[in-house]
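K.L.:
Now for the letters of each chain:
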Amino acid sequence: MAQTPPPASAMQPVLRLIRMPNAGLAPKIAAVVLLVIVLATILAPWIAPHDPLAMDPLNRLKGPMPGHPLGTDNYGRDILSRVLIGGRLSLMIGIATAIVSVLLGLIIGMIAGFFRTADAIIMRMMDALMAIPSILLAIALVALNGPSVGSVIAAITIPEIPRVVRLVRAVVLTAREEPYVEAAIALGSSMPKILIQHLVPNTLAPLIVQGTYILASAILTEAILSFLGAGVSTETPTWGNIMAEGRMFFRIKPELILYPGLMLSLCILSINLLGDTARDMLDPRLKKRAG
Amino acid sequence: MLGYILRRILAVIPVMLLVAVFVFLLLRLTPGDPAAIIAGDMATPAQLERIREAMGLNQPLHIQFITWIGQLLRGDLGTSLISNTPVSSMIASRMGPTLAIALLTIIMSVLLAVPMGVLAAWKHRSAADYAVMAFSVLGFSIPVFVIGYIFILIFSLKLGWFPVQGYTPISAGLLPFLKNAFLPALTLTTIYVALIARMTRANMLEVLGEDYIRTARAKGAPERTVLFRHALKNAAVPILTVIGTGFALLIGGVVVTETVFNIPGIGRLTVDAILARDYPVIQAMILLTSFLYVLVNLLIDISYSLFDPRIRY
Amino acid sequence: MQFKSRNFDDAAIAIETDNLTVALPDTAGQPQVLKGIDVTIRQGETVCLVGESGSGKSVTSLAIMGLLPDALKVTDGKINLQGENLLPLSQAQMRELRAARVAMIFQEPMTALNPVLRVGDQITEVMELHTKLPPSERRKRAIAIMEQVHLPDVERIFRSYPHQLSGGQRQRIMIAMALVLEPVLLIADEPTTALDVTTQKQILSLIGELQANHGTAVLFITHDMGVVAEIADTVYVMKHGEIVESGPVEQILRHPQKDYTRALLASVPSLSPRPARPDVSDIVLQVDRLNKIYGGGGILKKLPRAHAAKDVSFTLTRGRTLGIVGESGSGKSTVARCIMRLIDPTSGQIRLDGSDIASLSRNQLRPHRKKLQVVFQDPMRSLNPRWTIARSLTEGPLNYGTSKSEAMAEAARLLNVVGLPEDALHRYPHMFSGGQRQRIAIARAVMMRPDVLVADEAVSALDVSVQAQVLDLLDQLQQELGIAIVFITHDLRVAAQICDDVIVMQRGAVVEHGPAGDVLGSPVHPYTRALIDAAPGRDWDFQNFRKMSEAPNARPA
Numbered sequence: 001m002a003q004t005p006p007p008a009s010a011m012q013p014v015l016r017l018i019r020m021p022n023a024g025l026a027p028k029i030a031a032v033v034l035l036v037i038v039l040a041t042i043l044a045p046w047i048a049p050h051d052p053l054a055m056d057p058l059n060r061l062k063g064p065m066p067g068h069p070l071g072t073d074n075y076g077r078d079i080l081s082r083v084l085i086g087g088r089l090s091l092m093i094g095i096a097t098a099i100v101s102v103l104l105g106l107i108i109g110m111i112a113g114f115f116r117t118a119d120a121i122i123m124r125m126m127d128a129l130m131a132i133p134s135i136l137l138a139i140a141l142v143a144l145n146g147p148s149v150g151s152v153i154a155a156i157t158i159p160e161i162p163r164v165v166r167l168v169r170a171v172v173l174t175a176r177e178e179p180y181v182e183a184a185i186a187l188g189s190s191m192p193k194i195l196i197q198h199l200v201p202n203t204l205a206p207l208i209v210q211g212t213y214i215l216a217s218a219i220l221t222e223a224i225l226s227f228l229g230a231g232v233s234t235e236t237p238t239w240g241n242i243m244a245e246g247r248m249f250f251r252i253k254p255e256l257i258l259y260p261g262l263m264l265s266l267c268i269l270s271i272n273l274l275g276d277t278a279r280d281m282l283d284p285r286l287k288k289r290a291g
Numbered sequence: 001m002l003g004y005i006l007r008r009i010l011a012v013i014p015v016m017l018l019v020a021v022f023v024f025l026l027l028r029l030t031p032g033d034p035a036a037i038i039a040g041d042m043a044t045p046a047q048l049e050r051i052r053e054a055m056g057l058n059q060p061l062h063i064q065f066i067t068w069i070g071q072l073l074r075g076d077l078g079t080s081l082i083s084n085t086p087v088s089s090m091i092a093s094r095m096g097p098t099l100a101i102a103l104l105t106i107i108m109s110v111l112l113a114v115p116m117g118v119l120a121a122w123k124h125r126s127a128a129d130y131a132v133m134a135f136s137v138l139g140f141s142i143p144v145f146v147i148g149y150i151f152i153l154i155f156s157l158k159l160g161w162f163p164v165q166g167y168t169p170i171s172a173g174l175l176p177f178l179k180n181a182f183l184p185a186l187t188l189t190t191i192y193v194a195l196i197a198r199m200t201r202a203n204m205l206e207v208l209g210e211d212y213i214r215t216a217r218a219k220g221a222p223e224r225t226v227l228f229r230h231a232l233k234n235a236a237v238p239i240l241t242v243i244g245t246g247f248a249l250l251i252g253g254v255v256v257t258e259t260v261f262n263i264p265g266i267g268r269l270t271v272d273a274i275l276a277r278d279y280p281v282i283q284a285m286i287l288l289t290s291f292l293y294v295l296v297n298l299l300i301d302i303s304y305s306l307f308d309p310r311i312r313y
Numbered sequence: 001m002q003f004k005s006r007n008f009d010d011a012a013i014a015i016e017t018d019n020l021t022v023a024l025p026d027t028a029g030q031p032q033v034l035k036g037i038d039v040t041i042r043q044g045e046t047v048c049l050v051g052e053s054g055s056g057k058s059v060t061s062l063a064i065m066g067l068l069p070d071a072l073k074v075t076d077g078k079i080n081l082q083g084e085n086l087l088p089l090s091q092a093q094m095r096e097l098r099a100a101r102v103a104m105i106f107q108e109p110m111t112a113l114n115p116v117l118r119v120g121d122q123i124t125e126v127m128e129l130h131t132k133l134p135p136s137e138r139r140k141r142a143i144a145i146m147e148q149v150h151l152p153d154v155e156r157i158f159r160s161y162p163h164q165l166s167g168g169q170r171q172r173i174m175i176a177m178a179l180v181l182e183p184v185l186l187i188a189d190e191p192t193t194a195l196d197v198t199t200q201k202q203i204l205s206l207i208g209e210l211q212a213n214h215g216t217a218v219l220f221i222t223h224d225m226g227v228v229a230e231i232a233d234t235v236y237v238m239k240h241g242e243i244v245e246s247g248p249v250e251q252i253l254r255h256p257q258k259d260y261t262r263a264l265l266a267s268v269p270s271l272s273p274r275p276a277r278p279d280v281s282d283i284v285l286q287v288d289r290l291n292k293i294y295g296g297g298g299i300l301k302k303l304p305r306a307h308a309a310k311d312v313s314f315t316l317t318r319g320r321t322l323g324i325v326g327e328s329g330s331g332k333s334t335v336a337r338c339i340m341r342l343i344d345p346t347s348g349q350i351r352l353d354g355s356d357i358a359s360l361s362r363n364q365l366r367p368h369r370k371k372l373q374v375v376f377q378d379p380m381r382s383l384n385p386r387w388t389i390a391r392s393l394t395e396g397p398l399n400y401g402t403s404k405s406e407a408m409a410e411a412a413r414l415l416n417v418v419g420l421p422e423d424a425l426h427r428y429p430h431m432f433s434g435g436q437r438q439r440i441a442i443a444r445a446v447m448m449r450p451d452v453l454v455a456d457e458a459v460s461a462l463d464v465s466v467q468a469q470v471l472d473l474l475d476q477l478q479q480e481l482g483i484a485i486v487f488i489t490h491d492l493r494v495a496a497q498i499c500d501d502v503i504v505m506q507r508g509a510v511v512e513h514g515p516a517g518d519v520l521g522s523p524v525h526p527y528t529r530a531l532i533d534a535a536p537g538r539d540w541d542f543q544n545f546r547k548m549s550e551a552p553n554a555r556p557a
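Protein chains in written order, with full-length UniProt numbering: chain A, 1 to 291; chain B, 1 to 313; chain C, 1 to 557.
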């Protein structure tokens, strides 16, 4: 029991995660892979061999060759450069979605968990939002608002919010039954104070985990939106719209889908693995079983 | 029991109503003139007026909403702005392929995922457990269309076992149907299995730590009995739940898969409608799929009582 | 007190452990959890394994069943069942033997039965696994054993699910399941700890009755010396994985040889009430016709109404302790939570220092909160695990405008008073034991200088030795500060030691109310009498190693 003490301060889960004690090999590899991908996309403008938008009509749909390690696409653009640059926007959309949906979900979930009157209405609205298939909702939102980065982020964020709200609300409802919260009421602490000091820290660990899953699923959703023709306009490459453009040429040059697909999958795989590791480390129930 | 079902059905009504409100507002609250969005940039004022008239956009919002709901309740889903055919008949003609593939997916997924999850939980921290977990995290990490293209590449183009794209209805025979439907269903199964296997494993792990499992072992029950008679039935409710909530994932997956495999289902219909801004079709499709989702989850809710006697009343 | 004094020397040995050693092989240093345990149980004998939490008594029983958790391994010794060593047996061989020759019942009847299977099927399953009886015969035998454990209306219960039965009924089902194949040995791991005392008494006598009929050997694991006195033939006292002392029950209770055993016995609170303190006229809390009704609402389904507190009235004066005793569901915690205004009473008055707080709003309540503090049952959950002790202790005073430095100084002083070092201030709750945390929770309440302290089962989760220390602390604080205490408990022994006045509650209503000496010494209401009658070991004066009636100035019970 005493081997793995519960998190002592609000920041402790974060510290534990960074140190990753007793994590297996897989999450460590995942962390390295993710780091490499992130660095590569950040440094893309400097390390990419070509301008990702520069066309070369003489060298269309070529295989690997000197100067084009992964070959070229249907306009003769360098695939490697496009994949590297494309990751920037994909990752950015994912991170923005994760942050916005976690923050909004936290606020709405807190309100639902603490104010009984608001709870029923909020939760029915969340049920309704969850009932609308998220991909359909997202493509509809993008189709109506235009293919800008902002509308893509909004379109992916909105369907993610209900899950965060449910999570936060569940944590708050459990925590407010805890004797230490009742003791705080007895000690005369005001409701906002209890909410912020006692309850919010409880949501931190599950939100870190949920945030990583949202990050992964947002990158995935961006790709699907682009693939269906409802993503960021093709002037800016993203992993998703590179693959969407490659659809037409899939039979002759599957690499147009496979290379960005591989990058994207590796990236999401790493994030998901890190998310699982975080969950196992932060889940008090699993800890109890281990101790 | 009947009272329970009735209460569940009543509880669904406000959710459906809210879905309708959301879908309705989706178009109306979009910045800009909905008519202009629908008609595109090149529309003449006369065209815009015609669209506004057709959709009743000149009337106050609540009147529009009530009119629309009234039409829905009479079974009138509207008329496509593009093809001028009733939306209901468009849906009816495209429903078959989607339902067939979805059903095939669910059957294959449950048959695969539940045993995988049980095995992983039983042999916790063994090679089998890690294999199942690895598969499930992979299933979550590869975009469904990439999986689809990889399958086409391997099974159709390289091995030639299946046709590359297209669809044959069941009415043309089971084998021709399966030849076309198997790869799309397998593609969807990959992600669905990932979800269900993971949930099964997590819940079985939890149940296997319960006191009554210790009791079953203290009775001298063999592991098979412990797992399937004592544990799985207790883990059934959350597994069913995830099959239900995963239905949303399935709908999203169907949309993508139909595009990859060029299947004339309602998924493709919806994407085409959205891209063409055929708003009556969009409204009807989102509403219909949401309704389907709610219905599936309602049925699952009701089926809980078959597995857990505590939920009966 | 009539101890069991049967002689088993001639009976066959049912089970015997020889130098049984269990360790955690994968933990650094491979600590031993059991260090060479020798226990012998003969046919028809009841052996009690008694000890505090962490003593290794449950590990012993699981080792015998071959059901140790994966982390634990038997590293040495033998377990001989009727002369046959069980340790070399394969898993399949052990399975054959479980329930058939060695059966076990567990502490939590609420969770030990499978919630999704009918209880009848859970009993017949034992026969399905171990015999070739046809289904009709299995059912007949299940019904027969259910009758033997005195379940009412067996045909109906046979078809019931666990959640439709009471805790006592579920434990009877567990016993029926354990005994249906007439095993040689029955292991009972705290089988009555989760039950009310009146139910406990019935279950204990049932086990005794079935043992006499079937000649079963019983290994009974408990932390409760009262239960030991009631049922044991032979007692083994355990501590930290070792047997401290063993012998016939009367010898252990009358002439304990080891200091640990003496200390353990001495910390069992006596059932004879301590003398009441002088009454004063300074009323701090007056509860008048308090009612709490749950349910009755519901839009789609009429929720069942539960009258959890019916016209509860009492008065508490400065520096005195009022005990509210009763079994689960009696409404005692509802009353406590109403007084604390953690829930809203349906009707009635709660006058705290003269002003009625029963219907005040959250904001109106704040000035009164100070005077009314609480200590909860579960020491693991009553402190915020993320906060330092200092932050927890100063939370209240800071709310009422005390300066930070002043609050910190007071926190340091009070930690000393409750017997903790000052450096505890900057540590976190998980670094303390349950008893220490409960002291911290008490200090947190006392920081507010309350007039009234509500203690809701505040010592129930603690081992007896720790319990005694915490009760002493409460007594000391009360004398120094003149706090009035409302002490909610199910344990009559604890109530007798700390209360001046006692209220006995049953199904939401007060059935008896008066000075502790009268209520516990000469109860009037039949329910109070039944409660006292059911208290195990009530005739034995554990602290003085003698019968109650042997005390110099004993008054007839």
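Since the hints were derived computationally from the structure, they do not count as laboratory data.
Nothing here was measured: the structure is a model prediction, and the numbers come from that model.
Ideal placement from N, C-alpha and C gives every residue a C-beta, glycine not left out.
It is possible that some hints are incorrect.
Said to hold, decoys possible - If you anchor each label on the Cβ, the simulated ranges turn out as follows:
1. 347(C) to 88(B): 37 to 43 Å
2. 295(C) to 311(B): 42 to 48 Å
3. 54(A) to 134(B): 38 to 44 Å
4. 174(A) to 165(B): 48 to 54 Å
5. 152(C) to 310(B): 49 to 55 Å
6. 310(B) to 545(C): 16 to 22 Å
7. 88(B) to 235(A): 50 to 56 Å
8. 54(C) to 21(B): 57 to 63 Å
9. 241(B) to 530(C): 24 to 30 Å
10. 92(A) to 44(B): 35 to 41 Å
11. 174(A) to 14(B): 42 to 48 Å
What the hints assert, rightly or not - No farther apart than 30 Å at their CA atoms in a straight line, the calculated lysine-lysine pairs in the BS3-like style are these:
12. 158(B) to 253(A)
13. 258(C) to 239(C)
14. 370(C) to 310(C)
15. 4(C) to 547(C)
16. 370(C) to 4(C)
17. 62(A) to 179(B)
18. 4(C) to 132(C)
19. 239(C) to 140(C)
20. 123(B) to 78(C)
21. 123(B) to 253(A)
22. 35(C) to 193(A)
23. 193(A) to 371(C)
24. 310(C) to 233(B)
25. 78(C) to 35(C)
26. 233(B) to 132(C)
27. 73(C) to 123(B)
28. 201(C) to 239(C)
29. 239(C) to 310(C)
30. 239(C) to 193(A)
31. 310(C) to 258(C)
32. 28(A) to 123(B)
K.L.:
All hints, please: hold or fail.
P.N.:
Okay, the hints, checked on the actual structure:
{"no.": "1", "hint": "347(C) to 88(B): 37 to 43 Å", "result": "violated (58 Å)"}
{"no.": "2", "hint": "295(C) to 311(B): 42 to 48 Å", "result": "violated (19 Å)"}
{"no.": "3", "hint": "54(A) to 134(B): 38 to 44 Å", "result": "holds (40 Å)"}
{"no.": "4", "hint": "174(A) to 165(B): 48 to 54 Å", "result": "holds (49 Å)"}
{"no.": "5", "hint": "152(C) to 310(B): 49 to 55 Å", "result": "violated (22 Å)"}
{"no.": "6", "hint": "310(B) to 545(C): 16 to 22 Å", "result": "violated (48 Å)"}
{"no.": "7", "hint": "88(B) to 235(A): 50 to 56 Å", "result": "violated (39 Å)"}
{"no.": "8", "hint": "54(C) to 21(B): 57 to 63 Å", "result": "holds (58 Å)"}
{"no.": "9", "hint": "241(B) to 530(C): 24 to 30 Å", "result": "violated (45 Å)"}
{"no.": "10", "hint": "92(A) to 44(B): 35 to 41 Å", "result": "holds (39 Å)"}
{"no.": "11", "hint": "174(A) to 14(B): 42 to 48 Å", "result": "violated (26 Å)"}
{"no.": "12", "hint": "158(B) to 253(A)", "result": "holds (14 Å)"}
{"no.": "13", "hint": "258(C) to 239(C)", "result": "holds (12 Å)"}
{"no.": "14", "hint": "370(C) to 310(C)", "result": "holds (27 Å)"}
{"no.": "15", "hint": "4(C) to 547(C)", "result": "holds (14 Å)"}
{"no.": "16", "hint": "370(C) to 4(C)", "result": "violated (53 Å)"}
{"no.": "17", "hint": "62(A) to 179(B)", "result": "violated (33 Å)"}
{"no.": "18", "hint": "4(C) to 132(C)", "result": "violated (39 Å)"}
{"no.": "19", "hint": "239(C) to 140(C)", "result": "violated (44 Å)"}
{"no.": "20", "hint": "123(B) to 78(C)", "result": "holds (29 Å)"}
{"no.": "21", "hint": "123(B) to 253(A)", "result": "violated (43 Å)"}
{"no.": "22", "hint": "35(C) to 193(A)", "result": "violated (50 Å)"}
{"no.": "23", "hint": "193(A) to 371(C)", "result": "holds (20 Å)"}
{"no.": "24", "hint": "310(C) to 233(B)", "result": "violated (41 Å)"}
{"no.": "25", "hint": "78(C) to 35(C)", "result": "holds (13 Å)"}
{"no.": "26", "hint": "233(B) to 132(C)", "result": "holds (26 Å)"}
{"no.": "27", "hint": "73(C) to 123(B)", "result": "holds (19 Å)"}
{"no.": "28", "hint": "201(C) to 239(C)", "result": "holds (27 Å)"}
{"no.": "29", "hint": "239(C) to 310(C)", "result": "violated (45 Å)"}
{"no.": "30", "hint": "239(C) to 193(A)", "result": "violated (44 Å)"}
{"no.": "31", "hint": "310(C) to 258(C)", "result": "violated (49 Å)"}
{"no.": "32", "hint": "28(A) to 123(B)", "result": "holds (24 Å)"}
The structure fails to meet hints 1, 2, 5, 6, 7, 9, 11, 16, 17, 18, 19, 21, 22, 24, 29, 30 and 31 from the earlier list, while all remaining hints are met.
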